[in-house]
Each structure stands twice: as structure tokens, then as C-alpha cells.
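> We have chain A; now place chain B onto it with these hints.
Chains A and B are the protein sequences, given in the same order.
Its first residue numbered 1, the first sequence is counted upward by one per residue in this note's numbering.
Its first residue numbered 307, the second sequence is counted upward by one per residue in this note's numbering.
Just so you know, the hints here were simulated from the structure itself, not pulled from any lab data.
Mixed in with the good hints, there may be bad ones.
As the list claims (entries may be wrong) - With the C-beta cut set under 8 Å, the calculated list includes, among others, these residues of chain A facing chain B:
1. Asp89
2. Leu186
3. His208
4. Ile218
5. Ala227
6. Glu256
7. Asn260
8. Glu279
9. Val293
10. Phe302
11. Ile304
We put the CB at the ideal spot given by N, CA and C, even for glycine.
Protein chains: 2
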Amino acid sequence: MSLLVIGSVAFDAIETPFGKTDKIVGGAGTYASLAASYFYDKIKLVGVVGEDFPQSEIDDFHKHHIDTEGLQIKMGEKSFFWSGKYHNDMNSRDTLVTELNVLGTFDPIIPDSYQDCKFLMLGNLSPQVQQTVIKRLHNRPRLIVMDTMNFWMNIALDDLLETLKMVDVLTINDEEARQLSGEYSLVKAARKIVTMGPKYLIIKKGEHGALLFHEDKIFAAPALPLAEVYDPTGAGDTFAGGFIGYMAHMGEVSFENMKNAIIYGSALASFCVEKFGTEKIKNLTKDDIVARVQEFVRLSKFNIIS
Amino acid sequence: MSLLVIGSVAFDAIETPFGKTDKIVGGAGTYASLAASYFYDKIKLVGVVGEDFPQSEIDDFHKHHIDTEGLQIKMGEKSFFWSGKYHNDMNSRDTLVTELNVLGTFDPIIPDSYQDCKFLMLGNLSPQVQQTVIKRLHNRPRLIVMDTMNFWMNIALDDLLETLKMVDVLTINDEEARQLSGEYSLVKAARKIVTMGPKYLIIKKGEHGALLFHEDKIFAAPALPLAEVYDPTGAGDTFAGGFIGYMAHMGEVSFENMKNAIIYGSALASFCVEKFGTEKIKNLTKDDIVARVQEFVRLSKFNIIS
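Chain A on its own, in the form it takes in the complex:
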């Protein structure tokens, strides 16, 4: 039994009101697998990098018990590169550079040793590639979580809708939920989206927390109010990785477990934004996480009896 994470493994160059980085390692696959590694120790990564990708970063995956047999290294080619600049509110950003490089022709190869996968995290990538991964698994995983973004709704909506039919949980932000459903009310948006395939919908609202929708049930998780947000890059991927890592740890797919998984994912995401890139989420301890999750408990607890 294992947790398979697919997503970009890449370079980012980031500018925020707090500073600027050169090329640092990022990518949905990187953030999600690192976050998941704090909850589960059989994580298998599928992705592609160029020969410019540092071995030390691959060593760091191994230190986190992340299997990289499925991480293809394309000699003579370059890794995916994204550069962006955040506005003062940290909620919006401009993309400065996107170089697809190895990601442009990415064919996700699933090693035989990955076929025991019971939990699948489809990090943000083209829905066509996400779908290929599902099809190449001999047995359907117990839980498939899919992350996506408005970019794919704009250029590959048909593929996206096709892939959606094959997954259990979709994670998108509030604007994307509105775009996908054509409904402004998030309740109405959720009602539509859960008929498109995923039985569970998680709407990520950044500093306002997250909402989980399933059947007629809703769970609202707060975000931890932070004094400083240095770099929001990867927060959504980290959230998703923490979420599915916790679910894999628990084993059973239920609404109750997902509520806790959202709190753990939110806790990991709150660490992610406190430093640039993966610096913070590479270096957490179990105690850090327990203490942070207790902050979420204190933050949202009140004493009206049910």
C-alpha cells in the first residue's frame, strides 16, 4: 500500500513584498510529496526534471522517504521553470516567465513498484496527464484527489471535465469553483461540481480557510491568521499533500477523517508561507506540527453544546 503523488518538480523564481529569490526548487509534486511525508512513509513520486535538477534535492526527497523511481530525469533538457511576482495583498500575482521545458512532452511512466498505490494525489498538471496516470494504474486507488486551476479551465475544459469524472475529491479555490460551475454562491457552485464526478469538493479560500462539501454536509476550516506571509507559492499544493498524507495515514475514507485532514493540510500550508520555497516544509518536526494543529483547535473551538 502506498501514496502516489504526481505533479511538477521544477524551478521557481519568486518576488514578494518581502524579497526575491533566484531559481529555487518548487512545483506541485515537490510541495505535495514533502507535506505528505510527515504523515505517511510510503510515498512514491511521479514527475519529470531536466539534467539541471540538483541531485541534492533528490537526496532531500529520499530523506523524507519519498521514492523517486518514477521521477524521470531527461538528460540534455531543462526542468520546468516558473517566475512570478506577488502583489502587495499576496492574493494576486503576475506570471513573469513560464518555460515548460521537460513538462511540454511529459509522459507519466508508472513504475511497477508503484502499482500498490491506494491513495493518489493528482497535483496541478494538464488534465490529460492526470487522466493518463489513473488509466495506467492496474487497480483503481481507494482515494483519488485532484488539484487543478483556472488555467486548465481556460485551455483544456473538455479534458478537465473528462478527468473530473474519474476522481473522488477536487481541490480548487473559490474563484475557480465559480468559474467551473458558473455560480457565484459557493453553495450552489458546490452542488453543481459534486455532480461532475468528485463526491467531495474542497474550496480553498487562502487566508479565509477552506470549505469541504459532501452530500448535504459542509465543513468550514479556518486559516491561521498570520502576522507575516513571506511567500504563498506552494501553499495549495502543501495543503493538498498534507490532506492526502493524513488520509493515507488513517486509511479509511470518511467525511470525519477528511475534516481532520483539512486541518492538518491547513497547518502544513501555514508553515509553507512563512519562508520562501520549500525551506520551512523541508525542516519540520512532528512537535512543530502537533503544536500548530493545537493552534487551529484553540482558534476554532467554542462551547455551544451539540
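This is chain B only, laid out in the frame that chain A set:
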């Protein structure tokens, strides 16, 4: 012992994507006192109306055990009138008409029978008028809650800062907290604002819930996700009224009681927006409120042990 509510008692004409009203009764004092009336039965209203204000509306206050001895009726004059149009997102609106009328010269007279006030709700009004009310009370109330808005920050900041020093709880929205503090981060904004006078700060975030700050503690309350928001007018006043009504009911001023008070205030606000004007919050039952509060409990409960 009583709860004194001061605020506008007025006419509104409202246009939302769901419809349009003629002049209907509104105003901060109206919404706040009606909301508080579900928790506490000694509510005393201070305000001013013109002779155009219908007796039937005053009778409705009485039905809710709201004392109107302090509601001045100015013969030959007209009540305050506001007209606004909400945009499709319901989060922003344009003011179409503001006629101050009787509110332009409002001198808040406190009847002797109101001097037993232990809880004071200063609904959104000029900070000068709010301050006058505090000064005219012979004994300082146990809890003073002040609501205000960006309008007063723009035109009467000095008065506002002076009044702030005299209150215990300030309720404002996130943009107003940023404007008042000059800080984008709400955590930093709160740290500054709680040095300006109020030891407690409530930041109202509309569909994203509310945050309570006190010393180093934070409480995050969710908003109930609603399929339809017909009319947001008065939601903030209703929230504040429900909040202080619950606090007066409990009697003791504590962070723990305030957390519950925010949930009750949020529940009342969630009813308010489901119909135009005061229609919904005039006609609630205790059972309606208990059931709605249980929705908040279910919405935010998870099972990580503290």
C-alpha cells in the same frame, strides 16, 4: 440592569440582483435592537425619527420588549433615508441617496429610566454622537461595544480615535481594520487597534466569518455558507445586536462568552440576509435560532483533541 442600544432608525431603499424594495424600515439601531431582543428582554433604544415613521414599526419594537422612551419623534421632520444598490458579488455596493434629515442634528437624550444600563451597543453613527451617549451615562456600563465604518474614518478620524479610547469592543470589517491601522495583515492590524482603546476587536469578514482578537488570543468563527443572499443590508448591525444581546444575557464579560456571542451574532446575521430588510429577523422563534446555531456547531466541529 438593561442593554442600551443606540443607532439609526431609518428608511432604506435597496436594490440587489434579487429584487428591489421601496422605502422599508432599516437602520443600525433597528437591526441591532431586534437581534438583541432574542437574548435579553430589557432593551432600551435611543434614536431619532421624523413624523413619517410608522407607528406600526414602533409597535413592533414593543412586541420585541424594546423600550422606545429614548426614541425621539421629530414632528414636521423626516427620518434618515439611505438608498443603495448592491453589485452582483453582494460584497460591494453603491450609495444612491443619503438624506440625513433628523440625523443631521441628532442629540441623543438618555431618559432617566435608561440609567441602569450595564451593556451599551453604540451602533454605527457619528463618533461624536456615540461619545455623547457614553458621557451622559452616570455610571460606566460593564461592556461598551462600538460599531463604526470607513465613512467616519474618512471624515471624523480624530473624534473616532477619541471615542475608541472609551470602549471595550470594536466591530469593523477587514478593509476598515486595514484602513484604521495602516497594516495589511489582520494580525498586525489587530495588535495596533487593541492599543487604541478597545481591548477586544471583532473583524467582520462577511461570507468568510469573523475574527475576535484579545491579548494574544484569536477566535475564528465561520460564516454559514448560504445558497442565496437576498439582501446584506443590516447584517453587520444584526451581528452586533446578537453579540451584545447574548453577552447581556450571560452577564459576565469574558473571552469564552464572547466566542459564543459571536456564533449567536453570526446566526442572527445569517437569517438577516435571507430576506429584504428586517422581515426575517422580526419573525424568528427560539427554535429557529437554536437550530441555526447547531448548524454552526456542525459546520466548524472537528475531532482533533486538545
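> Each hint should be assessed against the structure and marked as holding or not.
Hints, verified against the model:
{"no.": "1", "hint": "Asp89", "in the structure": "7 Å, holds"}
{"no.": "2", "hint": "Leu186", "in the structure": "6 Å, holds"}
{"no.": "3", "hint": "His208", "in the structure": "4 Å, holds"}
{"no.": "4", "hint": "Ile218", "in the structure": "6 Å, holds"}
{"no.": "5", "hint": "Ala227", "in the structure": "4 Å, holds"}
{"no.": "6", "hint": "Glu256", "in the structure": "6 Å, holds"}
{"no.": "7", "hint": "Asn260", "in the structure": "6 Å, holds"}
{"no.": "8", "hint": "Glu279", "in the structure": "20 Å, violated"}
{"no.": "9", "hint": "Val293", "in the structure": "6 Å, holds"}
{"no.": "10", "hint": "Phe302", "in the structure": "4 Å, holds"}
{"no.": "11", "hint": "Ile304", "in the structure": "6 Å, holds"}
In summary, the structure is inconsistent with hint 8 from the numbered list given earlier, while agreeing with all the others.
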